[in-house]
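As a plain string of letters, each chain reads:
There are 2 protein chains.
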Amino acid sequence: MALAQLAQVERNDAGIAEAVGIFRQRFGDAFVTGHAVREQHSHTTTYIPSQLPDGVVFPKTLEEIQDAVRICAEHRVPIIPFGTGTSLEGHVNAPGGGISIDTSQMKGVLSVNAEDLDCTVEAGITREELNAHLRDTGLFFPIDPGANASIGGMTSTRASGTNAVRYGTMRENVLSLTAVMPDGRAVTTAKRARKSSAGYDLTRLLVGSEGTLGVIASVTLKLHGIPQAISGGVCPFPSVDAACRAVIMTIQMGIPVARIELINALGMKSLNAYSNLGYAESPCLFVEFHGTEAGVGEQAEMFGEIAAEYGGGPFLWTNVAEERAKLWKARHDSYWAGLALRPGCKALATDVCVPISRLAECINETEEEIARSGLIAPIVGHVGDGNFHAMVLMDADDPKEIEAAEAFVARLNMRAIAMEGTCTGEHGIGQGKMPFLERELGAGVDVMRAIKQAIDPLGIMNPGKVFTSTSG
Amino acid sequence: MALAQLAQVERNDAGIAEAVGIFRQRFGDAFVTGHAVREQHSHTTTYIPSQLPDGVVFPKTLEEIQDAVRICAEHRVPIIPFGTGTSLEGHVNAPGGGISIDTSQMKGVLSVNAEDLDCTVEAGITREELNAHLRDTGLFFPIDPGANASIGGMTSTRASGTNAVRYGTMRENVLSLTAVMPDGRAVTTAKRARKSSAGYDLTRLLVGSEGTLGVIASVTLKLHGIPQAISGGVCPFPSVDAACRAVIMTIQMGIPVARIELINALGMKSLNAYSNLGYAESPCLFVEFHGTEAGVGEQAEMFGEIAAEYGGGPFLWTNVAEERAKLWKARHDSYWAGLALRPGCKALATDVCVPISRLAECINETEEEIARSGLIAPIVGHVGDGNFHAMVLMDADDPKEIEAAEAFVARLNMRAIAMEGTCTGEHGIGQGKMPFLERELGAGVDVMRAIKQAIDPLGIMNPGKVFTSTSG
Numbered sequence: 001m002a003l004a005q006l007a008q009v010e011r012n013d014a015g016i017a018e019a020v021g022i023f024r025q026r027f028g029d030a031f032v033t034g035h036a037v038r039e040q041h042s043h044t045t046t047y048i049p050s051q052l053p054d055g056v057v058f059p060k061t062l063e064e065i066q067d068a069v070r071i072c073a074e075h076r077v078p079i080i081p082f083g084t085g086t087s088l089e090g091h092v093n094a095p096g097g098g099i100s101i102d103t104s105q106m107k108g109v110l111s112v113n114a115e116d117l118d119c120t121v122e123a124g125i126t127r128e129e130l131n132a133h134l135r136d137t138g139l140f141f142p143i144d145p146g147a148n149a150s151i152g153g154m155t156s157t158r159a160s161g162t163n164a165v166r167y168g169t170m171r172e173n174v175l176s177l178t179a180v181m182p183d184g185r186a187v188t189t190a191k192r193a194r195k196s197s198a199g200y201d202l203t204r205l206l207v208g209s210e211g212t213l214g215v216i217a218s219v220t221l222k223l224h225g226i227p228q229a230i231s232g233g234v235c236p237f238p239s240v241d242a243a244c245r246a247v248i249m250t251i252q253m254g255i256p257v258a259r260i261e262l263i264n265a266l267g268m269k270s271l272n273a274y275s276n277l278g279y280a281e282s283p284c285l286f287v288e289f290h291g292t293e294a295g296v297g298e299q300a301e302m303f304g305e306i307a308a309e310y311g312g313g314p315f316l317w318t319n320v321a322e323e324r325a326k327l328w329k330a331r332h333d334s335y336w337a338g339l340a341l342r343p344g345c346k347a348l349a350t351d352v353c354v355p356i357s358r359l360a361e362c363i364n365e366t367e368e369e370i371a372r373s374g375l376i377a378p379i380v381g382h383v384g385d386g387n388f389h390a391m392v393l394m395d396a397d398d399p400k401e402i403e404a405a406e407a408f409v410a411r412l413n414m415r416a417i418a419m420e421g422t423c424t425g426e427h428g429i430g431q432g433k434m435p436f437l438e439r440e441l442g443a444g445v446d447v448m449r450a451i452k453q454a455i456d457p458l459g460i461m462n463p464g465k466v467f468t469s470t471s472g
Numbered sequence: 001m002a003l004a005q006l007a008q009v010e011r012n013d014a015g016i017a018e019a020v021g022i023f024r025q026r027f028g029d030a031f032v033t034g035h036a037v038r039e040q041h042s043h044t045t046t047y048i049p050s051q052l053p054d055g056v057v058f059p060k061t062l063e064e065i066q067d068a069v070r071i072c073a074e075h076r077v078p079i080i081p082f083g084t085g086t087s088l089e090g091h092v093n094a095p096g097g098g099i100s101i102d103t104s105q106m107k108g109v110l111s112v113n114a115e116d117l118d119c120t121v122e123a124g125i126t127r128e129e130l131n132a133h134l135r136d137t138g139l140f141f142p143i144d145p146g147a148n149a150s151i152g153g154m155t156s157t158r159a160s161g162t163n164a165v166r167y168g169t170m171r172e173n174v175l176s177l178t179a180v181m182p183d184g185r186a187v188t189t190a191k192r193a194r195k196s197s198a199g200y201d202l203t204r205l206l207v208g209s210e211g212t213l214g215v216i217a218s219v220t221l222k223l224h225g226i227p228q229a230i231s232g233g234v235c236p237f238p239s240v241d242a243a244c245r246a247v248i249m250t251i252q253m254g255i256p257v258a259r260i261e262l263i264n265a266l267g268m269k270s271l272n273a274y275s276n277l278g279y280a281e282s283p284c285l286f287v288e289f290h291g292t293e294a295g296v297g298e299q300a301e302m303f304g305e306i307a308a309e310y311g312g313g314p315f316l317w318t319n320v321a322e323e324r325a326k327l328w329k330a331r332h333d334s335y336w337a338g339l340a341l342r343p344g345c346k347a348l349a350t351d352v353c354v355p356i357s358r359l360a361e362c363i364n365e366t367e368e369e370i371a372r373s374g375l376i377a378p379i380v381g382h383v384g385d386g387n388f389h390a391m392v393l394m395d396a397d398d399p400k401e402i403e404a405a406e407a408f409v410a411r412l413n414m415r416a417i418a419m420e421g422t423c424t425g426e427h428g429i430g431q432g433k434m435p436f437l438e439r440e441l442g443a444g445v446d447v448m449r450a451i452k453q454a455i456d457p458l459g460i461m462n463p464g465k466v467f468t469s470t471s472g
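These protein sequences, in sequence, are chains C and H.
Residue numbers for the first sequence follow the numbering used here, so the first one is 1 and each next one is one higher.
Residue numbers for the second sequence follow the numbering used here, so the first one is 1 and each next one is one higher.
Please note that a few of the clues may not be correct.
Given that identical chains are not distinguished, each listed pair holds provided it fits within a single copy or across any two copies.
What the hints assert, rightly or not - Lysine to aspartate or glutamate pairs mimicking DMTMM-like chemistry, simulated, CA-CA at most 25 Å apart:
hint: 1; residue 1: 107; residue 2: 39
hint: 2; residue 1: 107; residue 2: 420
hint: 3; residue 1: 222; residue 2: 361
hint: 4; residue 1: 222; residue 2: 241
hint: 5; residue 1: 222; residue 2: 420
hint: 6; residue 1: 222; residue 2: 172
The hints are simulated quantities; they were obtained by calculation from the structure and are not laboratory data.
All chains should be built: construct the whole structure from the sequences, respecting the hints.
See the structure below:
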């Protein structure tokens, strides 16, 4: 995507210069303007070109975030919240310059309430750091996007991952959060009760708002008990269609599958090559069950029977932790394995999510188009949710390849929308998908604009993301 | 609660008179101004006095709702969305007059997508009607507030019921909805995909907005497979504390309990008297498990062992449908059984919800206060969520009794808030709980006000509910 295609944000040079001076005074060494650090803070995991902020501040407390926001508000300077920078749609870019607020110095675990199965953490802690902290409690936080993202960033993009089919996404797992609003006030969106009918659902409004409504400072999360027993395995299928039928039946039978991931034939080929494995090079489902010893055995057997009905199998499963770890390591390496299919290339991630009844059709049409167009694009999917990623490998220095890849992504997004699906299941809109949000939700985007205008009238919160301030 | 204590809404007499004339012309017999119908549409299930709308319109289509809203917008006339009128906090009252939009003529099931486990229905269908419609599909819609409420109404108040601990509340079970916004535009908040990161979560913003942001016309709901097997039973405990400990342990062990309901000693006494039953008159848990034949047996046995650890039991459970039906009939009769404790009285419902670790403490303090004050108030609770209702019986014609009951409720609400809980787990704020929303969420209410002002700048959507337009 060329810079010119991204939403433009006018630069307020005078305000930025003043704010940078004040930040230097107020934050000292915790405010950095060196090129390398600014570059790193606008680095995106995709091919979207970097747009550097003018400075990066590293607050250590809620109050320091408030101070940073107030300085920016006073001088009408853009604020770009930053977690770990692993987002995929240019969320951390600074199209109008401004200040990146990096929460990586805020990793505190403020409370763990084991009896309530919840915890409150500062926004900068990563999901792996949180799970390391929880190690001795018998509890864990399940949401696992590919990257070791920060909890604040995951909240901002409404992230999920491989086990959303069982545990939900960030939407279901954030109980409450504290955000610094564009005027500098701190707002806690809800109490810690499991359910509430007390007014508008501000928690869910902030979850997935991609830094455009406030800076998330801390988050109260649901935790889950580490299952007594886990079983899992890999099952090959004769076709994507057969695999999707098996997924639908598994879910319809109420089998509480914890993970059910599809990798298509090309994806399996890349895994075998990358890690020297011997899996079948046909569409495979990677599945996992969580529960009691008896339960997970029963579930695995039921799944094996369903798979066989659709021509799948053999379903080889295990409850030995080491073997499972190997299997999921292979699944989690799929990004790197995919990249290795065409060394030196960049990957363009796609993220459509459709009703599960349309999933096979959507993947089939996409595979056909990949074959027709000559693109190299393995597919992995969180198919229990109807969500899949085609990873388009391209030479990011070749405008023709970029154009072809972008045309492919556009058609894929529109295909998903036509099938009552969404252009983004878990990555967010950011800069890359703005045109598709309009196509997907129409007048709903005007409601979002009204909300944005009401909460951030100066337009300083992560401008140039999600939608433009005027329709069209 | 005296009328004078409710939020005041100024009447726009001229606008209302004009609008009534236009409604007559446009809607003919589907617009009613007779006193009895207006009275029925402001009837609340509580003691909050009625405030009648000036007319009631019965739209049959989305377009008719849009017309009704446009007429009201043009003449600045309040709109009060109406489902079945079973809400508990005065939600359907018309403090500034205006037009009640009754969706009871809109009961269509627009689609059932069995493979996707979802359906789309018009707002006026009730939960029992929906489940009757689904009878042959093997699917059901689990959310079950006490009343046979409409899906639109349940969406508006973010309702739940006895099995939220397993299936979630309306927050988790509404996938998307179509609402007529205050300017008459219809907005569909999301596509039908199971998860999405596409922009602000308008679905969750509308869920629980109590008719103050738009009129809900249709709703896409998650459905669930009817479980293969169900087991359930009743288990007495020596104390509320012991019962709550058992609940915490059950949930912490990851036992996927479908229902876990507490009835306190007075509540059990009322049930026995009302239905001539022979239950122990000590705090009891009513529990139910959904799953496979083997699974529900295992779960019931594990629960029995946990109960015994805390001095509870005997836990008598069954998987015979008729016996279970009897048990849950008794539970569902608890409202009427409670009323029968003091014939001729009205009940004031409370609805606090606290983190489960504070539940025993919260119920104990509440029981102590009931004992001290001489009130009669049995307690039933959806204790898996930390939510309970104390049902205060009072002579609604005796100002002293009302005052005592209201003081009790105020202290209960503040107790829950102090324990990091909420004043309302599932009933909503309506008119009755407005002062407590401020105490609970502070500056968050200002964010709600900003959103309300942005979406409904004329203030015509259900005015005088949830919060006032200015702080304080």
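Going down the list of hints, with the structure as the test:
{"no.": "1", "hint": "107 / 39", "in the structure": "within (23 Å within a copy, 56 Å between copies)"}
{"no.": "2", "hint": "107 / 420", "in the structure": "between (39 Å within a copy, 23 Å between copies)"}
{"no.": "3", "hint": "222 / 361", "in the structure": "between (35 Å within a copy, 22 Å between copies)"}
{"no.": "4", "hint": "222 / 241", "in the structure": "between (35 Å within a copy, 24 Å between copies)"}
{"no.": "5", "hint": "222 / 420", "in the structure": "between (30 Å within a copy, 15 Å between copies)"}
{"no.": "6", "hint": "222 / 172", "in the structure": "both (8 Å within a copy, 14 Å between copies)"}
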